[in-house]
Amino acid sequence: MSLLANTSALLGKELRTEFRSRELLTTTIVFILIVLVLFSFAFNPTSDESRQFASGLLWLALLFASSLMLQPCFLREQNNDTLSALRLSVSDPFAIFLAKLAANTLFLLLAELLLLPLFAVMYNVPVVPVLHWLLLVFFLASLGISIAGTALSAISAQARMRELLLPLLLLPLLTPILVVSAEVTRSLLDREPFVRWKGIGFIGVFDVVFLTALWLFGEYLLEE
Amino acid sequence: MTPPAFSPVGLRLENIDKRYGRLLALRGVSLTIAAGECVVFAGRNGSGKTTLLRIVSQLVRPSRGTLTFSGSGAPGGGESNAIRPGFVAHATMVYDELTAEENLLLFARLQEIAQPEKRVETLLHDVGLSERRGSLVRTFSRGMRQRAAIARALLHEPAVLLLDEPATGLDPQGVTWLAEAIRRLRDSGRTILMSLHGESEISQLGTRAIRLDAGSIAADTRTGATFRSILTFADA
Numbered sequence: 000m001s002l003l004a005n006t007s008a009l010l011g012k013e014l015r016t017e018f019r020s021r022e023l024l025t026t027t028i029v030f031i032l033i034v035l036v037l038f039s040f041a042f043n044p045t046s047d048e049s050r051q052f053a054s055g056l057l058w059l060a061l062l063f064a065s066s067l068m069l070q071p072c073f074l075r076e077q078n079n080d081t082l083s084a085l086r087l088s089v090s091d092p093f094a095i096f097l098a099k100l101a102a103n104t105l106f107l108l109l110a111e112l113l114l115l116p117l118f119a120v121m122y123n124v125p126v127v128p129v130l131h132w133l134l135l136v137f138f139l140a141s142l143g144i145s146i147a148g149t150a151l152s153a154i155s156a157q158a159r160m161r162e163l164l165l166p167l168l169l170l171p172l173l174t175p176i177l178v179v180s181a182e183v184t185r186s187l188l189d190r191e192p193f194v195r196w197k198g199i200g201f202i203g204v205f206d207v208v209f210l211t212a213l214w215l216f217g218e219y220l221l222e223e
Numbered sequence: 000m001t002p003p004a005f006s007p008v009g010l011r012l013e014n015i016d017k018r019y020g021r022l023l024a025l026r027g028v029s030l031t032i033a034a035g036e037c038v039v040f041a042g043r044n045g046s047g048k049t050t051l052l053r054i055v056s057q058l059v060r061p062s063r064g065t066l067t068f069s070g071s072g073a074p075g076g077g078e079s080n081a082i083r084p085g086f087v088a089h090a091t092m093v094y095d096e097l098t099a100e101e102n103l104l105l106f107a108r109l110q111e112i113a114q115p116e117k118r119v120e121t122l123l124h125d126v127g128l129s130e131r132r133g134s135l136v137r138t139f140s141r142g143m144r145q146r147a148a149i150a151r152a153l154l155h156e157p158a159v160l161l162l163d164e165p166a167t168g169l170d171p172q173g174v175t176w177l178a179e180a181i182r183r184l185r186d187s188g189r190t191i192l193m194s195l196h197g198e199s200e201i202s203q204l205g206t207r208a209i210r211l212d213a214g215s216i217a218a219d220t221r222t223g224a225t226f227r228s229i230l231t232f233a234d235a
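Residue numbers (numbering that gives the first Met the number 0), protein chains in the order written: chain A, 0 to 223; chain B, 0 to 235.
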C-alpha cells in the first residue's frame, strides 16, 4: 500500500514540476519535430517509400529524443540533493523509480500523440485505421524505453561523464526495441495492414524483464 | 518550536570505515553519543565530517563497522538501526520548482505522517514561512531555503537531528535565527550532531566537540578550553 501511495505522491510531483517548467516536453517535441522535418526534406518520400522506411525514421527520432528526455531524470535530483531527501523519506526506493518511469512514459506518449498527425501528413501514411494498434505499440515501447532509460539515468547521474554516458548506454540497449517497434509499425502502415503479434509480445517481455530487474536491483542504483 | 513527540535516542558507532575507491574517508571511527547530546564535529575539508553524518543518516553504508541507535525512542526500547534521523545537509534537499507548502506536503506524505496538512501548517509557522507558503522555493533567499530545509527535516519529529554545515551562506541574521532554532531543538531533548567550520553562535550550543582529522577522531571533549581549540583547529 505504501509503495502505491509513495509512487502516486512522487508521480504528482514529477508531473507538477514538469508542467510548471515544461522543459522536457518542449525539448522532446521540438527535437522529434526537427528530425521528422529534416528527414522528409532529405528523402522527399513517395507514399510507397514512406510505408517502407517512415516507421524506422519515426522510431529513430523517438529513441534519440528519449535519450535527451531521460538525461535530466535523475540529474535534476542532484541540484539540491533532493534524491537523498527522497531516499530518507520513502519506505521502498522502488517507488522513486516507478514514479519516474511512469512520468517518462506519459511524457513520451504525449509527445508521440501530438506528433503522430504531423508524421502522417508529412510522410503520407494512413494512421487512422490502425490508430488503436499504433497506440498499443507506442505504449509498450515507450514503457520499455522509460524503464531502461530511468535505470540508466540513475547510473549515469553518478558518473563523471554523465551527459555522454546515458546515450552511450541507452541506445545499444534499446536497439531491440527500436528494430521490433519499427517492424511492427511498418506492418501496421502497410497497404494491407496486419498485426505482428510476435513483435508486440517481444516488447511486452522486454518491459516485464527490465521492470523486474529494476525492482530487484533498483535500490543499489541509488546508493552513494 | 512545537513540543516534542519523541523519546530520546542515543547512538553508537563501532569501528566505522568508509572507503570510496582508493580513498579511505573514515578509518576506525568508534563513538558513543548519549541521548540529548549536542555534538559539534569540526575538522578541515575532507576530514570525514560529511561522510560520518551521512552514515548516521543511513544514506551511506559504511564499508566496515556498525551503527546502532539505543534508548527508549529506539524500537523495542533497546538497540536498533531502524531510526530515521532528520537530516539538514549542505544542499537544501527541497525542490525549487515546488512551493514551500508543496515540498513539505510531498515529504510528509512520503513519510506517511498522520494529518500531513496540519503538521505542515505547524512547521511552516514554527520556521516563519507561513506567509510565503505559496511561493516557489526558487524565489527564496538562502536563509528562507534553510528554514524550509529544517522544516522538512523535522516533519517526522526525529529524535536525532543531523546538521551538515547548516550556517553556510547565511547572513548574520540568518545565523542568529538558526542558532535560536537549534537551541530550542537541543533543549527539547533531541540528540544533535552537527558539522561546523570554526566558532560561531551555533558552535556555542554544543555540549561536546569532536575533531576529525583524515577520517579519524583526533580530539573529543566536553570542556571549555579544549572545546574552543577543537573548533579553531588550535592545539589544546
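Honestly, the hints are just simulated from the structure, not real lab data.
There could be a bad hint or two in this list.
Taking lysine to any residue pairs in the SDA-like style, the calculated list, with each CA pair at most 25 Å apart, reads [stated by the list, open to error]:
| # | chain 1 | residue 1 | chain 2 | residue 2 |
| --- | --- | --- | --- | --- |
| 1 | B | Lys117 | A | Leu3 |
| 2 | B | Lys117 | A | Pro125 |
| 3 | B | Lys117 | A | Ala4 |
| 4 | B | Lys117 | A | Arg21 |
Hints versus structure:
1. Lys117(B) x Leu3(A): Status holds; Cα separation ~23 Å.
2. Lys117(B) x Pro125(A): 55 Å, violated
3. Lys117(B) x Ala4(A): 19 Å, holds
4. Lys117(B) x Arg21(A): 31 Å, violated
In this structure, the hints that do not hold are numbers 2 and 4, in rising order.
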